[in-house]
Amino acid sequence: MDILSLFPAWLLEQGPAFIIVLPLLMGAITAILPSRKPAWWAALIVTLLCTATAFGLLLQVYSEGASLYTMGGWDPPHGISLVIDALSAPVLLLIAAMAVVTVIYAMPATIAEVEPKKRAPFYAAFLLCFAGLMGMVVTGDAFNVFVFLEVSSISTYALVAMGAARDRRALAAAYNYLIMGSIGATFFVIGLGFMYMETGTLNMADMSRILADLDGGSRVAKVGFGFIIIGLGLKLAMFPLHTWLPGAYAYSPTKVTVFLASTATKAALYLLLRFTFTVFDPSFDYVGIVLKYILIGVGVFGMIFASLQAIFQTDARRTLAYSSVAQVGYMLLGIGLATAAGLAAGYLHLLNHAIIKGGLFLAMGAFWYRFGITRIEDFSGLSKTMPWTMGAFMISGLSLIGVPFTAGFVSKVNLTIAAADKGWWWAVAVIVITSVLAIIYIGRILLAAYFGSPPLIDGEPAKKNEAPLMMLVPMWVLTLMSIAIGSNILGVGDNFVMASERAAALLLGTGG
Amino acid sequence: MFSVIFEQYNYGIVIILMMTGLYVVFASRNLIKKLVGLSIFQTSVFLLYITIGKVAGGQPPIVSESHGEDHASLEPVLVAAGNAKEAAAYGAGHSDVLYSNPLPHVLILTAIVVGVATLAIGLSLVVRIREVYGTIEEDDINALDYRYNLEGIED
Amino acid sequence: MRDPHVILRVVSKFLIPFIALFAFYVQFHGDFGPGGGFQAGVILAASVILYALIFGLEAAKKAFPPSWIRIGMTLGVLLYGGTGVVTWILGGDFLSYGVLAHDAAHGQHYGIIAIELGVLCAVATVMIAIFYAFGSRQPEPDEEDW
Numbered sequence: 004m005d006i007l008s009l010f011p012a013w014l015l016e017q018g019p020a021f022i023i024v025l026p027l028l029m030g031a032i033t034a035i036l037p038s039r040k041p042a043w044w045a046a047l048i049v050t051l052l053c054t055a056t057a058f059g060l061l062l063q064v065y066s067e068g069a070s071l072y073t074m075g076g077w078d079p080p081h082g083i084s085l086v087i088d089a090l091s092a093p094v095l096l097l098i099a100a101m102a103v104v105t106v107i108y109a110m111p112a113t114i115a116e117v118e119p120k121k122r123a124p125f126y127a128a129f130l131l132c133f134a135g136l137m138g139m140v141v142t143g144d145a146f147n148v149f150v151f152l153e154v155s156s157i158s159t160y161a162l163v164a165m166g167a168a169r170d171r172r173a174l175a176a177a178y179n180y181l182i183m184g185s186i187g188a189t190f191f192v193i194g195l196g197f198m199y200m201e202t203g204t205l206n207m208a209d210m211s212r213i214l215a216d217l218d219g220g221s222r223v224a225k226v227g228f229g230f231i232i233i234g235l236g237l238k239l240a241m242f243p244l245h246t247w248l249p250g251a252y253a254y255s256p257t258k259v260t261v262f263l264a265s266t267a268t269k270a271a272l273y274l275l276l277r278f279t280f281t282v283f284d285p286s287f288d289y290v291g292i293v294l295k296y297i298l299i300g301v302g303v304f305g306m307i308f309a310s311l312q313a314i315f316q317t318d319a320r321r322t323l324a325y326s327s328v329a330q331v332g333y334m335l336l337g338i339g340l341a342t343a344a345g346l347a348a349g350y351l352h353l354l355n356h357a358i359i360k361g362g363l364f365l366a367m368g369a370f371w372y373r374f375g376i377t378r379i380e381d382f383s384g385l386s387k388t389m390p391w392t393m394g395a396f397m398i399s400g401l402s403l404i405g406v407p408f409t410a411g412f413v414s415k416v417n418l419t420i421a422a423a424d425k426g427w428w429w430a431v432a433v434i435v436i437t438s439v440l441a442i443i444y445i446g447r448i449l450l451a452a453y454f455g456s457p458p459l460i461d462g463e464p465a466k467k468n469e470a471p472l473m474m475l476v477p478m479w480v481l482t483l484m485s486i487a488i489g490s491n492i493l494g495v496g497d498n499f500v501m502a503s504e505r506a507a508a509l510l511l512g513t514g515g
Numbered sequence: 023m024f025s026v027i028f029e030q031y032n033y034g035i036v037i038i039l040m041m042t043g044l045y046v047v048f049a050s051r052n053l054i055k056k057l058v059g060l061s062i063f064q065t066s067v068f069l070l071y072i073t074i075g076k077v078a079g080g081q082p083p084i085v086s087e088s089h090g091e092d093h094a095s096l097e098p099v100l101v102a103a104g105n106a107k108e109a110a111a112y113g114a115g116h117s118d119v120l121y122s123n124p125l126p127h128v129l130i131l132t133a134i135v136v137g138v139a140t141l142a143i144g145l146s147l148v149v150r151i152r153e154v155y156g157t158i159e160e161d162d163i164n165a166l167d168y169r170y171n172l173e174g175i176e177d
Numbered sequence: 017m018r019d020p021h022v023i024l025r026v027v028s029k030f031l032i033p034f035i036a037l038f039a040f041y042v043q044f045h046g047d048f049g050p051g052g053g054f055q056a057g058v059i060l061a062a063s064v065i066l067y068a069l070i071f072g073l074e075a076a077k078k079a080f081p082p083s084w085i086r087i088g089m090t091l092g093v094l095l096y097g098g099t100g101v102v103t104w105i106l107g108g109d110f111l112s113y114g115v116l117a118h119d120a121a122h123g124q125h126y127g128i129i130a131i132e133l134g135v136l137c138a139v140a141t142v143m144i145a146i147f148y149a150f151g152s153r154q155p156e157p158d159e160e161d162w
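Chains as they are written, first to last, in our numbering: chain A, 4 to 515; chain B, 23 to 177; chain C, 17 to 162.
For reference, chain A alone in the conformation it holds in the complex (with noise of 0.2 Å):
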């Protein structure tokens, strides 16, 4: 069965940038619509179109190799070129996944969380976010990243906002992320700048070819790659620039947190990926030492100290926000290894962790719906009220914590097996130690669930008010995913196993 000629050839060969386009035009087209039920209905069309079309290209991409698609008609390096290869269409394919499953739980929380006449604004800052998004993968092109990081930014920036009507904190929140967000974005224009400066182009295939012509550069390289890779890191949260995090995601709609938790802490750390492993080699001193010592310790540092301070939180939001920063140094982790089984194992993480993620604040927007829970203590007797959506949060939360038969153990165990076939024992032991703390403070939501009795309403324990139908599909939808990818049901877990494994292989030059 060849699914692949299902799909017209047109949508095949300008598939890179009509996945960018269609979301951008719609966006403009569903700011100015008139009620909000169209305004959905676009963003849903809009997502699950895009959805299908990575789907092909991801299917394109394994059976005929990398594709190149030149904007314009001008060939690259003068022209701006979108490259699918296999590195970015998983993540392509991710990020679309997680736009359809938000919108459908989009329904009815943003009729709970925003107001009317705000809500086709509020789509349409979705659909930039996700153009933004899906161009940041797509682009082969150095500026053009920094101009989509900077519109899915500022569509985030406002998204994040928007939850003011629910929480005020989310205003504070997102000036917050907004000024911190612009200094990460204006480090990279000036390594990009640098990175100018020393090979007079910016399309990323020349530029790495230069650089390995220059067999690394000179200073400007260097200076140029620090600067690249401490504006990524503030996107992607790396450890001391990750402060933005906890606000944004504990306050702003909760359709937002779970796009933003599953996709742009992502898409920065893709561009990490590509950015160090195919503009930069390895093989250069001071990438190496960067990958080393300071993406390794930054991560390790991240994993200990932020999971430490999820265990003291007492919002729950606030719990799983630090708990994305924790992960995140998993995948630096990984990342820094600079091994094919330590770079399989950390892009496996970042697939992973998006679907984990994503349910677990699924089901703390439905728990916000139904009862108004935002912190940890009133969590007691959830489990009785709330059956399913309590029963999502806990095979999330153990995947989290790395449970077998879960996705959460799959990649963490990758993960180990690489570090201890590099021989570092240490990053063994700090895995494991923040596995512990991660049964910590997700037992600790687990244990007032499930063991504690349900808060009395009007002098009676309050009743089973189960969440609704359009919030439990896309909940179980990927809870069932991460079940799926961990017992390997269907081959689920290998497809995913072999996408990161051809993703690592491409990093590091031996295939495609």
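Think of the hints as simulated: they come from the structure by calculation, not from any bench.
Positions of the beta carbon are idealized from the N, C-alpha and C atoms, including for glycine.
A portion of the hints provided could be inaccurate.
Computed far set for chain C versus chain B, every beta-carbon distance over 10 Å [what the hints assert, rightly or not]:
#1 L24
#2 L31
#3 F38
#4 I65
#5 L69
#6 A75
#7 S83
#8 I85
#9 V102
#10 I105
Computed footprint of chain B on chain A; a stretch qualifies when at least three of its residues, placed anywhere within it, have a C-beta under 8 Å from a C-beta of chain B [what the hints assert, rightly or not]:
#11 157 to 169
#12 173 to 179
#13 189 to 201
With chain A fixed as given, assemble chains B and C onto it according to the hints.
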């Protein structure tokens, strides 16, 4: 040593503006002043890009074109679209005018638009914060939120 | 009752059309020299904002209604994207202007004019919309107070 300073004074100005902007962002406790610092920081980056585009002795990168021969003067454009080597050979043979690099100007136009959009969103956030909290000093906002976090009620 | 701002009002009534005309000059001159959509859009918006500053926000909103401004924002983006979609329909890659006319050079001309028009529309309306949004948060001062 002085010739080095006089030749590279643009980098000195860029560094001074960059550090000033960053310091203002980190150190000021007023929200509007932070945005001002961010603007200064971004402006220094624009200066960095534009000053490196200047070629010593170069003309402004404007191709003078008379209406009768617009096909011929657009040939370099079409050749460049095809192959970089051909374009370079074409340019070396035909043009004896040295142009400054126009690419940084285009990049900076894009970056200026991004900076304007960021500033607009930042200022609208400050307006909303002022309406909700009544103040734009970060210390007062943190104090109000501290009580909000502890007690969970509006102030 | 004498108008306290008669000099400002008369001078700006002379100048605002020239500012708008300069905006269109910069727009079309972008093909041959410095200029183009973004600069022209900002100058056009500046003329409207000057009108709003001197004659009052209500008068500006009657001349440039907010609903038109919102449609203008979308129209600008759609003009730019629409040019790309037209090139798709005509068989080329996205935004490959060469297919728009009988030969590549004229196609580039038409394509650039179309997208710069879209940029002008989008930038001018967005600047005006930002001004309206900020200006509407506070009530307007009386005539004698400024």
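*Of the hints given before, which are not true for this structure?*
none
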